[in-house]
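With the hints as extra help, turn the sequences into a complete structure.
Residue 112 in full-length UniProt numbering is what sits at position 112 of the sequence shown, and the numbering runs on without skipping anything.
Honestly, the hints are just simulated from the structure, not real lab data.
We put the CB at the ideal spot given by N, CA and C, even for glycine.
Please note: incorrect hints may appear among the correct ones.
[Unchecked claim] For lysine-lysine, the following DSSO-like pairs were computed, each having C-alpha atoms within a straight-line distance of at most 27 Å:
#1 K96 to K109
#2 K62 to K89
#3 K96 to K62
#4 K109 to K62
[To be verified] Label pairs and their in silico Cβ distance ranges:
#5 P135 to G100: 26 to 32 Å
#6 D140 to G15: 32 to 38 Å
#7 D113 to R36: 18 to 24 Å
#8 S17 to K96: 22 to 28 Å
#9 P43 to A14: 40 to 46 Å
#10 F110 to D134: 46 to 52 Å
#11 R36 to L141: 39 to 45 Å
#12 R117 to L26: 16 to 22 Å
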Amino acid sequence: MAHKQHTRNASGPAGPSQRQLRAGELIRHALVDILREEDIHDPALVGVSVTVTEVRLSPDLKHATCFVEPLGAGVETAPTAGHESEIIKALNAHAKFLRGQLGRRLDMKFTPDLRFRHDESFDAASHIDRLFDDPRVRADLERRDEDEGDQ
Numbered sequence: 001m002a003h004k005q006h007t008r009n010a011s012g013p014a015g016p017s018q019r020q021l022r023a024g025e026l027i028r029h030a031l032v033d034i035l036r037e038e039d040i041h042d043p044a045l046v047g048v049s050v051t052v053t054e055v056r057l058s059p060d061l062k063h064a065t066c067f068v069e070p071l072g073a074g075v076e077t078a079p080t081a082g083h084e085s086e087i088i089k090a091l092n093a094h095a096k097f098l099r100g101q102l103g104r105r106l107d108m109k110f111t112p113d114l115r116f117r118h119d120e121s122f123d124a125a126s127h128i129d130r131l132f133d134d135p136r137v138r139a140d141l142e143r144r145d146e147d148e149g150d151q
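Spelled out as C-alpha cells, the structure:
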C-alpha cells in the first residue's frame, strides 16, 4: 500500500511551520532595515516611511509575501477599487533590488522572491472601531450590559 506524502500548506489548517515563521521574521527585520537605510530612487517612495508588518513565506521558503503599511502625511495608503497604490507598485518594481540586498544581509540557502501587498488589517481594525463608535451599536451594547447585570 502506497503512503501519501503529507505536505504542510501555509494556508492549510495547520498554518505555517515554525521554520516559515522564524524565516519570515528574519526577512521582515532585514527589510525594515533596508527600507530605512537604502536609497531607492523612485518618486513614489520619496519622503515615505513604510512599515513591514508581516512576511509570509511559502513552505519551500522561495516566495515571500510582504505586507506593508505606508506611513506619513498625505500618503495614499489603501488601494482603491482593486488598484494597487503607487507605493506598492514602486516596491514591487524594486523587488529584485530588495531581494539582492536581503541576500547580502541574510544567511539563507535561497533568498525568496518578494511580492508586496498592502496590509489590510489596520483598515479592518479602524472599521471595527468606527462600528463601535456608532451610537446605535453603543446603545445596543449598553442595553446588553444592563440585561446581563439584571440576571
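How the hints compare with the structure:
1. K96 to K109: Given pair K96, K109 holds - Cα atoms ~17 Å apart, limit 27 Å.
2. K62 to K89: holds, 21 Å
3. K96 to K62: Cα-Cα ~13 Å, so holds.
4. K109 to K62: Measuring from Cα to Cα gives roughly 10 Å; hence the hint holds.
5. P135 to G100: 26 to 32 Å: Hint violated: Cβ distance 53 Å, outside 26 to 32 Å.
6. D140 to G15: 32 to 38 Å: holds, 34 Å
7. D113 to R36: 18 to 24 Å: Given a distance of about 22 Å, which is inside 18 to 24 Å, the answer is holds.
8. S17 to K96: 22 to 28 Å: holds, 27 Å
9. P43 to A14: 40 to 46 Å: Between P43 and A14, where Cβ atoms are some 43 Å apart, the hint holds.
10. F110 to D134: 46 to 52 Å: holds, 48 Å
11. R36 to L141: 39 to 45 Å: Holds, since R36 and L141 (Cβ atoms, about 41 Å apart) stay within the stated range.
12. R117 to L26: 16 to 22 Å: About 19 Å separates the Cβ atoms of R117 and L26, which means 16 to 22 Å holds.
Checked against the numbered hints given earlier, this structure breaks only hint 5.
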